[in-house]
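Engineer: For reference, the chains in residue letters:
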Amino acid sequence: MKKTLLFVITLLLLASLVLVGCNTGAAAEETTTENQEEAVEESAEKVIIRWYVGLGAGSEPENIPGQEALVEAFNESRDDIEIVIEFVDYEQAVDILSTQIAGGNPPDIIGPVGWSGVNPFEGLWLDMEPYLEGYDFSDFSDAAVESYRLEEGLVGLPFAMYPSGIFYNRDLFDEAGLEYPPAEWGADYADGEPWDVAKMEELALLLTVDANGNDATNPEFDAEDIIQFGYHTVWSDGLKMDCAAIFGAGNVVDADGNAYISDEWKACVNWYYTAIHEQHIVPNETYELSDLLSNDNTFDSGNVAMAGSHLWYTCCNTSVENWDVAAVPSYNGVLTSKMNADTFRVLASTKHPEETMEVIKWMTGEAAPELLQIYGGMPARESLQEDFFTEMDENFPQGVNWQVFIDGLAYPDVPNNEANMPNYSKAYDRLHAFKTLYHSDPDLDISAEIETLISDLQSIFDEVK
Amino acid sequence: MSTLFSDFSLKNFKFKRTERLTKLAKREARWGLFFLSPWLIGFLFLTLLPMVMSLYYSFTNYDLLHPNDIQWIGLKNYIQFFKDPIIRTSALVSLKFAILALPVGIIQPIIMGAVLNSRHLMGKRLFTTLFYMPSIVPLVSAIYIWQGMLNARLGWINVFLERFGIPGPDWLNDTTYIYPALIIIGLWGVGDMLLFHLAAMQGIPTELYEAARVDGAGWLTTFRHITIPMITPIIFYNLILSFIGIFEYFIIPFVLTGGTGRPGDTTKFFAMQLYKEAFAYHNMGYASTMAWMLFVVVMIITIVLFSTAKFWVYSAAGEEK
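So the sequences go chain by chain: A and B.
Going by the working numbering, the first residue of the first sequence is number 1, and it counts up by one from there.
Going by the working numbering, the first residue of the second sequence is number 1001, and it counts up by one from there.
Pulled out of the complex, with its shape left as it was, chain B reads as follows (with noise of 0.2 Å):
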């Protein structure tokens, strides 16, 4: 009997056998199976089965220079998790970090998105192109640009702050500075995200503002009542890729102090940890641990997120309701 799952619905995740498939739907299917082949066989090979590999280690002793000796150690990979000091600093270290740079990256494409949206704005694509360029220089090269710009005593930044008579901080290895340091050199990379709000900022209908405008609403009132609930859509998908960016954070901190985690303990973000457990400490077992915990923390605050989404994410799906 020759038939295929021909019809989809996202709604209720089932599949239906509704009807016996003609020769050519047969060969099309077929074909369409053999082009969508690259990608299953990469999923399979490259995703699927390393994600079921490091649940597997989570379970044993893996270490990366003894693989031979690898044991099956149950759930103490696990409990040790809990009790780790060190994990315990990093998942600090993260969570101070998202607090401080969460509402800067959800808040700061909107004001430019806006900027950038409105009116009264000459040279608009030029302004774009400029904000965009960023997002296309190497990352790498950009944090040591970065690192020479916040140089204490002769980066930029303070060298300007200087002219003002502002003594400026060392960015990079205080402390209390660290942290405004790489959220600064974050912000600089928001061009993808800045794109998104400025597209559906551009996509609100206009009916809506000159009904407002009519009915006397100013700026700052049409800005709060139809332009943030118009992009909602867009904020939330920031705001989840912003939480899990935040937790796999590992690039700039790893560049900017070479993985040392300086000053004192204030870089060293749970992403690092991870990586420095699997390669410098040799643990693969227990950063496959750490990365299924990483997992499930991500996983429940997306579910969390998503669960609020229905009171304040606009969807005009739901309006045709």
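This is chain A alone, in the form it adopts within the complex (with noise of 0.2 Å):
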């Protein structure tokens, strides 16, 4: 009898066991943090509505307080929705949004975003259109609303925009007794010569300064101990981003949906490869992530002279007090302001739709000034780009030209350097790879890794074919 008992005991205890194993994983599958299962106790009422960041800007530690008060704000001022927020970071954010999705447990609203961060995702975003009846679009341009109507229905309103244009340090053009570039699009250097590549590198030559205090143009120039750098692409993350910078619109895709590279990128990648490990002109790896380029955010550092980056630097920008911005310098008599444009997705999934586009419409309306000022981002409302200007001139008191951001938006890059590509996120690793690859290795025949590349992107886009 006592036997029996002890058995009936241990089979309860290990199947009490079981239960709270059980239980435990479904609550990790319900609530991956802590202020989630907070939020969830607090809100029992409410309806949780989940924002992913991290899949483009906004998980920045700088970014993240603001976007916590904006969320705070909302949900004491709603009894019916509970805004739940999550960060993650960037370089995981794919990865843990993918595991999320085929777990069953997606978020509801997933940005800002841009397009190569929902590309991977293609397919699966709702549309917004049924929830929007009566919504008034008059404030947005009739492009960037179609921008967003894709085969699936509209799957964003149109958010913030971030043309691109030259960083540049005016200390260190002060100190080299340069010039500064041209802000108006088209223009020549002050010395009467075209402003464009060939000019820039000339520039970046004399403000590439070793520790001797030796330029890049002076026979004594110590490649060994570099302590200024002419010229950097900012966070690039590959070669279409290297590229469309200062070298013009591309893709790594033809309409057949065949590999190639153009050109001009061909060339762009050779002009980087010299300017890093020839001319070093332009950090290599091994400088821009070292402290010395404040491990990677290398203008901010105050030892880059010009940088090619988007309105969005601005959001990280903030150790470089005398700064501006400049056109960016045209490639064979082309101009280019390499574009991104930030939204807010809802995937398709979301269990409430009609919460959720509440949310989108507070986001993209009454909270986007504030939201759009943490980004960085250039508003898409027209009516609240005066505004935005005005208060990053309060952020940025040195007085900077914006109208170069504004002007640059008459030079997108076409096709964009976010375009999708088949196979994206593989094609996307292919080529950071590449650019890390021409980035750090002083010893490569770049023509035939070009070919390689072209060869394994081709394998790359036949795998979904």
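Hints in this document: simulated from the structure, not taken from any laboratory.
Watch out, some of these pointers could steer you wrong.
[As the list claims (entries may be wrong)] Simulated coverage check for chain A against chain B, where a stretch passes if three residues somewhere in it have a Cβ under 8 Å from a Cβ of chain B:
#1 94-104
#2 288-298
#3 422-436
#4 459-465
[What the hints assert, rightly or not] Not the full set, but computed from the structure, chain A residues with beta-carbon under 7 Å of chain B:
#5 E91
#6 S440
#7 D441
#8 D445
#9 D456
Glycine residues also receive a C-beta, built at the ideal position from the N, C-alpha and C atoms.
Combine the two chains into a complex, taking the hints into account.
Structural biologist: Pasting the structure below:
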């Protein structure tokens, strides 16, 4: 009898352990962070809307408090909806979102996110149109709205635009006794010569300096001990970003789905390769990731004279006080402002589309001015643009010529540098690997590497044909 | 009829039905199975079932984001596996790393074990503790520490080298030095193997050394002809685990490079590519194929190694024959 009782007790204990284990697992699936658990408890009657930040801008440490404050204010003002915000590191954001979707635990809202961030998730987005009946689109340009109308419907509302330009450090130009690059698109440099890639290279040579004070034109220049670089494309994630920044628009896939690299982009790769390993005007990976260049936030280190980047770089360019922005130099007479655009997307799997769209309207409407300041995004709402730049002036009192970005809207890169490719994530990784190779290895046969890249890309594209 | 498999012979892998069980034996067997059941259930549902499912998925186009569109595609994934240039690249990366890392990983614990086993060394316990301590540091934290140590400009290693006028390389971003850097990081956590080797050396009968000394053998001779042969079972064990470990090598390069495989594709190890296929490219079907091909390759290598064991691994049982 005693043994039977012991058996039953042990069985119950085991069962309880299994149940506890299962319950923990289920809970872990439903709530990924401590904050979420608290939110669920506090707002049992509210509809929980999960907002996933990290696939584009927004998860940098300096951006988090502002978003959290806005969410808190929203949650306090509403009895029916509770936003739970999740910040994910940019480098892991695609993997984590993929796992959440596959695990049946996807968030509702994703963003801010550009095209590159959503390309791996093609076909999973909610058509917002049915939830926007009577919505006033008049504040957006038609082109901006249409850019989000895909086969699956209207997948986003225009939110932020980020034209690009050349950020430059006035102090470093003054120190070298050089005139600033032009703010007007298509204008010549101060010496009357065209403001093109060759002129930018010429300035970069004079602005690249070693520890002994020699610039890169000096025969005594020590490439092993550089303390200041002439140019860098900030946070470039691959060949497309590197090249679209100063060598014009392009893609690596043609209309028939075949891999190719245009002559302009081949010239671009050769230019970077020479600039990095022979002229040393662009930092290699070693310098780029060093403390000298703020561990990859190169222009913000104060040791890079010119940097190609987007308006969103204002998010993280706070250490250099005396910077301004110039037009992108032309290449072969063509002007290009590489363009990024962000919005918020909703996964079609959301269980609460109505409430989620309420939040989307709030984000792109009432909360937009503050969110845009956090992300450094130029408002897609025309009515907000003037106030946005007024506030940017307050944040950057040295006087930045914001008109460069506004005028840059006339020279977008078409096709866009974030345009989709077959087998996007895999092709993206291959392009990233190629970029890190030519940024780090000084002994490459670069033409052969370009041909290998094309061949590999073709194989990657063929996988999904 | 109530019987139980009661006799298991490892040699011929046959179960023998030998006797009828008493009531007590049956009850004990039931309890035994009951206490084993958590492991059995865990093995069935968390190991065997996923393995069987992954074999099935390897013949499908299972896409992580579109699980409902799964289709049987026969051998297509396996054919793609042999044509895929990225597979070639990642397999080559693993192979290159194996050629460099394996000898170091095998030899280093032997040397360290021999040093710690030396009767001339003072403070053996202290050194053993110090050598083992890195093994208890969480790996990811250790990797971040090493990332700082190996920093080209400000890392301690290069700062140290510079004091002697040696320009330190860019360990983590140079395609030539990335593998040595990974090996150095790997060696740091060699504590487990060190202890195994040390224990094996300490288990060698001292009579063997005494007899050798009487015969006039020096340190090197005894090390070569006594120590090494006697610890071959541990070397063999280390060799098998190291081979498997290299093909599954993932955490260190993933944390160091954020999964990018930089510089270039030099750290795109096979296991990392497998992870990317599954969770970044969402090709769970193809990733399952990769996993099974990895399993086959590792199994073949293990069988080959086991088949060589009789030629060089010391076996006390063999002597008894």
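Engineer: Which of the listed hints are broken here?
Structural biologist: 8
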